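Between the sequences and the hints, there should be enough to build the whole structure, so can you do that?
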Amino acid sequence: MDRIIQQFFNVEIMIAAWPMLLDGLGVTLLLCLAVIPLGLAGGLLAALGSLARSRWVRLPTIFFVDFFRAVPPLVLLIFIYAGLPFAGLRISPFTAVVIGFFLNNSAYYGEIFRAGIQSVGFGQTEAARSTGLTATQTLAHVVLPQAVRNVLPDLLSNTIEVVKLTSLASVVSLGELLHAADMARSVTYNASPIVLAALVYLILLWPFVRLVSRFGRGLGA
Amino acid sequence: MTADVEAAQATPSLEVRGLHKSFGTVEVLKGVDLTVAHREMVFVLGPSGSGKSTMLRCCNRLEEPDSGLILLEGDPVTGKGVNLNAIRQRIGMVFQAFNLYPHLNARKNVTLALRKVRGMSRDEADARAMEALTRVGLADKSENHPSELSGGQQQRVAIARALALEPQVMLFDEPTSALDPELVGDVLAVMREVKAAGMTMLVVSHEMKFAREAADRVIFMDQGRIVEQGPPERIFGAPEHDRTRAFLSRVTGD
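Residue numbers (this note's numbering), protein chains in the order written: chain A, 1 to 221; chain B, 1001 to 1254.
Derived by calculation from the structure, the hints in this document are not laboratory data. One thing to keep in mind: the hints can contain errors.
Just so you have them, the derived chain A footprint on chain B, three or more residues with Cβ under 8 Å [said to hold, decoys possible]:
no.	region
1	1090-1097
2	1100-1106
3	1110-1116
4	1161-1174
So these bits of chain A aren't anywhere near chain B, every CB distance computed over 12 Å [said to hold, decoys possible]:
no.	residue
5	19
6	56
7	123
8	208
If you're wondering where the values come from, they're calculated on a predicted model, not measured in any experiment. We put the beta carbon where it would ideally sit given N, CA and C, even for glycine.
Laid out in structure tokens, this is it:
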């Protein structure tokens, strides 16, 4: 028992590793700030594309979404980070991660937005268009506000997943939270910094997890 | 009366010529011709599947006609090069399912098109919306969301939403069919007021009693064609066609 506490819950080591983890947390937050808005924007485009009337837009978009939902994000990250230099593109780990997450998130957010848009009855569009609103105005002022409200719990759930998935960036040596913790572990030969990182994720995400549960019980609807 | 005014009044408010529409292999409209004069309330009756709703929805091109011509005050509604969003502002529509925007309160349901389509300022649009909501007797519900209103109130807000754009014609697609019987009267009262104010109205509905007392003309449609039309007294009192007689005896139970 002592050995477990010594190896995983060593407070002295945690305190010593804290500054490193704080730097990592900064990178994680910065990464989230980049990939969440990008993913939401890409997702909205993917949703609109997959609902487009023209098959030349619709079919490629559906293929894009299916592809990036099927490819494991870790494989995608490694492929972009290690593969693009062979195509003559030198990119930083941060850029590689942002590209990878943009592709992956767009696909997932896209499916959620698509479900949301499809949950809004066509009568809404007809009513809006009958008053002379354009297709774009109808989308912006009538369909999307309702669509987003209908899938808000799913958007939030997916965003929690995205925050956790940013830990994958550690494999391409981006110094985010988990990578910082792992560095501290290899220096101290002790797993306590990893446990500390897990605690930071927990504290960061727990309020949002609660919020999603509240939606689930119908309080947010 | 000047020649201009005479000419304007000679032009029908709404004119439909040779309207055809198919869904897949089913021909729903087989050549419909119809004119609606200014300030006229025309009621369209017919069994379900007769094409009456489709005909109505072609008038503002929520359904795209396969062929035929539709004119509003002499201006083409159909054909290439028509600014559909501009022409639709001149044609109000009221739906069976109300189709109010559930995320907006009653006032904002009315102001949305005023602001975005007409480009009115917030104050201007609000004033116009309150005017329209007052007309339908719901000024006190302006800040309520649709979910807080009864079906009849929702439909009256929907009428206000259409009225606020000051259309030249209003289309009513079974406006009371989704309502509980005790709520129908309020909506019909509003429609009566709208007519009294001089609106041109084309109404698809099963409210026979209302048609009999309020309509200027009744049209009976069956199988994609207009079978007969005339003043309500004649259509209800002495229908010429067997199909009209059969329909009326079915729905009125005589």
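Right, here's what the structure says about each hint:
Taking a C-beta to C-beta cut-off of 8 Å, the region 1090-1097 of chain B contributes 5 residues in contact with chain A, enough for the three needed, and the coverage statement holds. Counting residues of the region 1100-1106 of chain B whose CB falls under 8 Å from any CB of chain A gives 4; the rule of at least 3 is met. Under the rule that three or more residues need a Cβ within less than 8 Å of chain A, the assignment of the region 1110-1116 of chain B holds, with 3 such residues. Check result for the region 1161-1174 of chain B against chain A: holds, 3 residues qualifying (beta carbon to beta carbon below 8 Å, three or more required).
Residue placement check: residue 19 of chain A keeps its beta carbon more than 12 Å from all beta carbons of chain B (closest about 47 Å). No Cβ of chain B comes within 12 Å of the Cβ of residue 56 of chain A; the nearest lies about 21 Å off, and the non-interface call holds. Listed as outside the interface, residue 123 of chain A is inconsistent with that label: its C-beta sits roughly 4 Å from the nearest C-beta of chain B, within the 12 Å cut-off. The beta carbon of residue 208 of chain A sits about 23 Å from the closest Cβ of chain B, which is more than 12 Å, so the claim that it is off the interface holds.
Checked against the numbered hints given earlier, the structure breaks only hint 7 and satisfies all the rest.
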